[in-house]
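Enquirer: Sequence:
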Amino acid sequence: MATPGIVYLLLNPALPNLVKIGKTQGTAEERARQLSGTGVPASFVVVYKKDFNDCDSAERFVHTLLETRGYRVAANREFFEVPVPAAIEAILAAHAHFSTVAISENGYPESSQGSNQSIAQGFADKSSWEPLINAADAARYGLDGELQDDTQAVRLYEQAAKLGAPDAYIALAEMNFGGINGRRDTTKAVAWLQEGTRHGAVWCWAALADAYSGKVWWSDLNQPVNARKCLRKFFAHIDFSKLDDFQQNVSFFRLKEYVSLATKVRDVESPEDLKAILAAGVSLSRVSNLVVDDTDRTARLKSIDGLIEWAKRALLPAIASSASQLCR
17 MATPGIVYLL LNPALPNLVK IGKTQGTAEE RARQLSGTGV PASFVVVYKK DFNDCDSAER
77 FVHTLLETRG YRVAANREFF EVPVPAAIEA ILAAHAHFST VAISENGYPE SSQGSNQSIA
137 QGFADKSSWE PLINAADAAR YGLDGELQDD TQAVRLYEQA AKLGAPDAYI ALAEMNFGGI
197 NGRRDTTKAV AWLQEGTRHG AVWCWAALAD AYSGKVWWSD LNQPVNARKC LRKFFAHIDF
257 SKLDDFQQNV SFFRLKEYVS LATKVRDVES PEDLKAILAA GVSLSRVSNL VVDDTDRTAR
317 LKSIDGLIEW AKRALLPAIA SSASQLCR
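Quick note on numbering: the sequence shown equals residues 17 to 344 in the working numbering.
Some hints here could point you the wrong way.
Stated by the list, open to error - Calculated cross-link-like contacts (lysine-lysine; reagent style DSSO-like; alpha-carbon spacing at most 30 Å): (1) K291 with K318; (2) K291 with K272; (3) K245 with K291; (4) K318 with K280; (5) K272 with K258; (6) K328 with K318; (7) K318 with K258; (8) K245 with K272; (9) K258 with K291; (10) K318 with K272; (11) K142 with K36; (12) K204 with K280; (13) K280 with K245; (14) K280 with K291; (15) K272 with K204; (16) K204 with K245; (17) K328 with K291.
If you're looking for bench data, these hints aren't it; they were derived computationally from the structure.
Construct the entire structure; sequences and hints are all you get.
Expert: Here it is in structure tokens:
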């Protein structure tokens with residue numbers, strides 16, 4: 017559950033070259049007064065503050081971002097040896113990052129644009145976490161002359177995840193499913209994918225569907241109802257206009273899997289399934305039509321049409337038996 021609050025930046029004349037960055041559900045000024053006790057010779061002063069819908073995640077983002085740049089004094093402390101403008105930009109980067117993931121009434125992410133995105137683009141975009149992902153991959157697989165080290169890979173992936181790297185959530189899930197230093201943890205793997213969905217990593221919905229379907233080697237789960245729900249979420253949140261040709265093909269196979277799962281389950285949610293399948297099919301057909309005509313595109317368009325007709329025939333009986341849903 018997200019906790020609204022403030023991420024603040026404090027200075028203290030008795031602590032030169034250091035800033036304190038933390039969070040509070042009260043006011044930054046109250047927090048400064050609390051910290052200005054007998055343990056320090058001077059009072060803390062509020063230099064900057066920003067409201068967040070999820071101050072816990074925002075604080076982790078700022079701390080991780082500054083730590084990866086070598087500004088953190090100690091891993092278990094909120095003090096950083098960093099220029100004030102760079103600290104403020106880190107807080108703005110967190111605001112830009114989290115404001116691009118709006119949470120809908122049902123608790124799931126929706127696409128939106130943050131007003132501060134351009135201010136902190138250098139922090140919030142891929143350049144913030146790509147070096148961490150590359151280093152984590154090297155440690156995970158022993159690439160580029162690096163020693164294979166699961167512990168190091170997990171540490172780096174976790175840092176990248178705090179900065180919003182979508183690939184990090186999936187990598188952490190795969191490692192927990194497969195075994196970190198020989199120890200498998202299905203619960204933690206699913207939790208990482210769920211965390212990714214909460215931060216707008218849309219492809220984590222597809223990975224969750226794989227996990228719940230039990231069709232992949234690294235999962236021992238068998239929950240087709242949850243797998244189908246995850247695919248519905250995937251198609252509800254994916255931006256088809258940003259898919260390249262390869263991702264369109266992947267999305268088609270995901271849609272095929274969704275139709276198959278929906279026709280097997282046939283419960284009272286079938287009307288919603290058919291709506292989602294139709295909407296995804298129309299969107300996928302639209303972007304496929306924008307690709308230069310080739311054999312793959314033509315085959316995919318025909319397959320999408322056939323898939324939708326199959327879904328209609330298979331789901332209509334279930335929908336007819338769930339008339340109460342259609343009356344809403």
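Enquirer: Against each hint, give a clear statement of whether it holds in the structure.
Expert: We went through each hint and held it up to the structure:
no.: 1; hint: K291 with K318; verdict: 20 Å, holds
no.: 2; hint: K291 with K272; verdict: 15 Å, holds
no.: 3; hint: K245 with K291; verdict: 13 Å, holds
no.: 4; hint: K318 with K280; verdict: 23 Å, holds
no.: 5; hint: K272 with K258; verdict: 20 Å, holds
no.: 6; hint: K328 with K318; verdict: 16 Å, holds
no.: 7; hint: K318 with K258; verdict: 22 Å, holds
no.: 8; hint: K245 with K272; verdict: 14 Å, holds
no.: 9; hint: K258 with K291; verdict: 22 Å, holds
no.: 10; hint: K318 with K272; verdict: 13 Å, holds
no.: 11; hint: K142 with K36; verdict: 26 Å, holds
no.: 12; hint: K204 with K280; verdict: 28 Å, holds
no.: 13; hint: K280 with K245; verdict: 13 Å, holds
no.: 14; hint: K280 with K291; verdict: 16 Å, holds
no.: 15; hint: K272 with K204; verdict: 28 Å, holds
no.: 16; hint: K204 with K245; verdict: 20 Å, holds
no.: 17; hint: K328 with K291; verdict: 10 Å, holds
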